[in-house]
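Trainee: Position chain W against the provided structure of chain V, taking the given hints into account.
If you're matching them up, the sequences are chains V and W in order. Heads up, the first sequence is in my numbering, so the first residue is 1 and it goes up one at a time. Heads up, the second sequence is in my numbering, so the first residue is 1 and it goes up one at a time.
A few of these clues could be false.
[Claimed, not checked] Heads up, simulated DSS-like pairs for lysine-lysine below, C-alpha to C-alpha not over 25 Å straight-line:
(1) V:37 x W:457
(2) W:165 x W:315
(3) V:180 x W:221
(4) V:31 x V:116
(5) V:116 x W:360
(6) W:316 x V:180
(7) V:85 x W:40
(8) W:457 x W:165
I should point out that these hints are in silico values taken from the structure, not numbers from a laboratory.
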Amino acid sequence: MHRRSLFRRLFALISGQGLPLWAQSTSFPGKHESTLKELAATVLPESLGRAVTDAEALRFVRWVEEYRAGAEMQTGYGFTRVRYKAASPAARYLEQLDELAAGALAQPGMAARRQKIGQAFQAANIRDLPAVPDGVNIAADLMTFYFQSPPANDLAYSAAIGKDTCRTLRNAGSVPAPLKKETSGAALR
Amino acid sequence: MPRFDSDVCIVGGGISAVFMAQKLSELKPNLSITIVEAGKRLFDAENRMSYRRRSLLYGENAWPGDFIEDQGGEGIVSRTMAVGGSAMHWQGHANRFSEEDLRLHSLYGLATDWPLEWAELEKYCCEAERRIGVSGAPSPHPEDQRSEPYPMPPMPLTYNLAEIKAWAERAGIPFTGCPQAKNTTAYDGRPECQRCNTCMICPTGARYSPDYTYKKLLANKRIVLHDRTLVRRLIPHDRNKTIVAATGSNAERPGEPVEYRARWFVVTSGYAWSPHLLLNSRSSRFPNGLANSSGLVGRYMTGHYFITAQMEVNKKLYPGMNEPYPLISREYFRCAPDKPFVRHDIQIFESTTGRRPRLKSETGEFLFGDDLLSDWRSRTTHGVARVRMYYDSHPSRESSLTLDPANGNHLGDPMPRIVHRMDEAAEARDAATQAHIRAIYQRMAKANGTKILSVSKSDYQDHPSGGCRMGNDPSQSVCDSYGRTHDHENLFVVGAPTLPTGGCTNATITFVGLTLRSSEHIAQNL
Chain V
1 MHRRSLFRRL FALISGQGLP LWAQSTSFPG KHESTLKELA ATVLPESLGR AVTDAEALRF
61 VRWVEEYRAG AEMQTGYGFT RVRYKAASPA ARYLEQLDEL AAGALAQPGM AARRQKIGQA
121 FQAANIRDLP AVPDGVNIAA DLMTFYFQSP PANDLAYSAA IGKDTCRTLR NAGSVPAPLK
181 KETSGAALR
Chain W
1 MPRFDSDVCI VGGGISAVFM AQKLSELKPN LSITIVEAGK RLFDAENRMS YRRRSLLYGE
61 NAWPGDFIED QGGEGIVSRT MAVGGSAMHW QGHANRFSEE DLRLHSLYGL ATDWPLEWAE
121 LEKYCCEAER RIGVSGAPSP HPEDQRSEPY PMPPMPLTYN LAEIKAWAER AGIPFTGCPQ
181 AKNTTAYDGR PECQRCNTCM ICPTGARYSP DYTYKKLLAN KRIVLHDRTL VRRLIPHDRN
241 KTIVAATGSN AERPGEPVEY RARWFVVTSG YAWSPHLLLN SRSSRFPNGL ANSSGLVGRY
301 MTGHYFITAQ MEVNKKLYPG MNEPYPLISR EYFRCAPDKP FVRHDIQIFE STTGRRPRLK
361 SETGEFLFGD DLLSDWRSRT THGVARVRMY YDSHPSRESS LTLDPANGNH LGDPMPRIVH
421 RMDEAAEARD AATQAHIRAI YQRMAKANGT KILSVSKSDY QDHPSGGCRM GNDPSQSVCD
481 SYGRTHDHEN LFVVGAPTLP TGGCTNATIT FVGLTLRSSE HIAQNL
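For reference, chain V alone in the conformation it holds in the complex (with noise of 0.2 Å):
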């Protein structure tokens, strides 16, 4: 065995990594389902109204089951040092989740919450929304999941884009249709 993929290997048994994905994950949310239901409706566009963000908390818990602890990480061209993806951050999530029931999300009033979760933002220094959630902070990753999929881009666009959908050639060079309610973008989802 390589020196680097024994270490990477230990690496994960050491920190939980190497377990298997229900021992990692299937505690997530536990209790805090609702709790990640209000979150989502925290920091998702109200305008989706409260079934849709209720609905993209349900995908994001299916995120969190499905992370893999230790893939192969996508790289920059021309880079041969291979990286590896992290431990679960369902772990993680749930300290942030109780923090969250008693911090942000118990006050009256969504400025009030909206202003508490920006502080956390402030405190990790979260200054951006990465391309994929990064497991730092779950309000932050939540945000990701959903304003960097398909749906978020025809809703900012208006449009049926349809963006990293597998479409037709025909129609490529018509300006996309105007949204209907139901977005496209559901398949990758």
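Mentor: Positioned in the frame of chain V, the structure of chain W alone reads:
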């Protein structure tokens, strides 16, 4: 030691290897051909939709296992080590070089001429396009005349690209869709493109990758493929200069060397690992490595720098329609011999720069929910184009790949270290080239009354090649125009490493064209 015998042993299993083998097996059906590749075969096309999904959602490697952990290097060295090589995950841009690339010295007094004529290479580029399956539109420049039409009609311009084309052409520069190794009709058993927007991993097979050809060759028993087998050294004959064997190690049995015996050896290991193998094959008889009497193995490493601008387009665009598909202009592929030399392509992609969701407003406040969405929407009324120009960056002799004793793999072999250096003339004109390119950005912006949002120059050379350059003079080159090394009559190096200069646009069609020409030559001489 396990020993495998064949007529031709191909070392390295990328795109050049597969077309070398395919054509050889057509021209000489009874030939025994063994391809030896260090990486593994990634033939599970049925899983690519799943890999793609995980890449998008988690940032995972879309090509799991396409590397050997400690087989890396310093400088621009692709991590990919798998059957099919880097062309497994290329974007499929299939534009060509031009006559000027082959006649830089005779036309402009720069760098060196290639030891073959464009008219001849052009025929093999057509063959490469047929075998790969390229869709494209004819260039508006008569100098880009083709001897055959593209195999498939061009990829239709998306609404975004059509708008960007109109915007760009207001500066008086003509653009077409960039030729693509993507099917616009069903072709060679693969389907039409579905604009999945992730050409780096094509889930449908519409974008060519070499695994499709490998699978056909294997199914028809035209080749033997040994993957996960790293060839570490080529072994010369005791007395003469022929190569008698390639030796290496299989990943499953690292302690047990394997040997490949053949009449002909063809190194198709790309720009990094081909010179690396020749240098690593050093011995007391060949202390500087094989094929290296000129001292030029690992020299004249080439490629090209590029400058990228993000430019505002005064039209509403809809990012995500087909982001990997660019426009291209070949307006500056040639310049008058009596004018200062400047040579580059122009590629334009739809862009999301400044048009992505963001967490903070202009005033630094955190944004949530509908406020974030409103902020995002407010920035979508005008589009952005990414305008990139690759420019001629001719290499100096000191542009090198060397063996790095401080960086070894688990077998103890030193890994490559690549340092790109331009020659004196290229260095001397670099500021003027950059000024010329920036003036084009300004011209495009002025013609449209739009802003240049940013301009940046690359700090590395893209589309790398070279390291075993071809030429007629054995003291100035490693191999002839067919890739036959000057020092070893039965040893060829083909594809990317043989390029004397790296051109100013994507190079895969040129690599494959050269390989097909070499294949024909080898078949004729067997």
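Trainee: It remains to establish, for every hint, whether it holds in the given structure.
Mentor: Status of each hint after checking the structure:
1. V:37 x W:457: 45 Å, violated
2. W:165 x W:315: Distance of about 11 Å is within 25 Å: holds.
3. V:180 x W:221: 52 Å, violated
4. V:31 x V:116: It holds: about 22 Å lies between the C-alpha atoms, which stays within 25 Å.
5. V:116 x W:360: Status holds; Cα separation ~15 Å.
6. W:316 x V:180: This hinted pair holds, its Cα atoms lying about 19 Å apart.
7. V:85 x W:40: 22 Å, holds
8. W:457 x W:165: 23 Å, holds
Consistency with the previously given hints fails for numbers 1, 3, ordered from lowest to highest.
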